[in-house]
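Engineer: Sequence:
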Amino acid sequence: MESIKLVSNSLKHAFTGGKGGKILIKLFQATHNKNKVISRNRKINKNGNNK
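For the sequence shown, our numbering gives the first residue as 1, with consecutive numbering after it.
These are calculated hints, taken from the structure and not from any lab test.
Any given hint could be a false lead.
The calculated DSSO-like cross-link candidates involving lysine-lysine, where the alpha carbons are at most 27 Å apart (straight line), are [what the hints assert, rightly or not]: (1) 43 x 22; (2) 22 x 5; (3) 5 x 34; (4) 34 x 22; (5) 5 x 26; (6) 43 x 5; (7) 36 x 26.
Pairwise CB distance ranges (calculated) [said to hold, decoys possible]: (8) 34 x 5: 19 to 25 Å; (9) 9 x 44: 20 to 26 Å; (10) 33 x 8: 26 to 32 Å.
Where is the CB? At the ideal position from N, CA and C, for every residue including glycine.
Using the sequences and the hints given, assemble the complete structure.
Structural biologist: In structure tokens:
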């Protein structure tokens, strides 16, 4: 959680006009989607099937 605050504060200083928040949301979505894929792959590898 601390790293999210750090990134958020950095983006606020780097971008003006509220662009930092939009970039942070896109970053979060990309990370969230990546984690879903990793989680799914772990299930496949653990069970040896596609469930």
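Engineer: So, for every hint listed, does it hold in this structure?
Structural biologist: Hints, verified against the model:
In summary, the hint linking residue 43 to residue 22 is not supported, as the alpha carbons are separated by about 32 Å, beyond the 27 Å threshold. Restraint check: the Cα-Cα separation between residue 22 and residue 5 comes to about 15 Å, which is no more than 27 Å; the hinted pair holds. The straight-line distance between the Cα atoms of residue 5 and residue 34 is roughly 20 Å, inside the 27 Å bound, and the hint therefore holds. In summary, the hint linking residue 34 to residue 22 is supported, as the alpha carbons are separated by about 18 Å, within the 27 Å threshold.
Simply put, residue 5 and residue 26 have alpha-carbon atoms about 15 Å apart, close enough for the 27 Å limit, and the pair holds. For a cut-off of 27 Å, the pair hint linking residue 43 to residue 5 is broken: about 31 Å separates their Cα positions. The hinted pair formed by residue 36 and residue 26 meets the criterion: a straight-line CA distance of about 15 Å does not exceed 27 Å. Checked against the given bound of 19 to 25 Å, the beta carbons of residue 34 and residue 5, roughly 20 Å apart, stay inside it.
Between residue 9 and residue 44 the C-beta distance comes to about 38 Å, which lies outside the given range of 20 to 26 Å. The hinted range of 26 to 32 Å is not satisfied by residue 33 and residue 8, whose Cβ atoms lie roughly 19 Å apart.
Violated hints for the displayed structure, listed by number in ascending order: 1, 6, 9 and 10.
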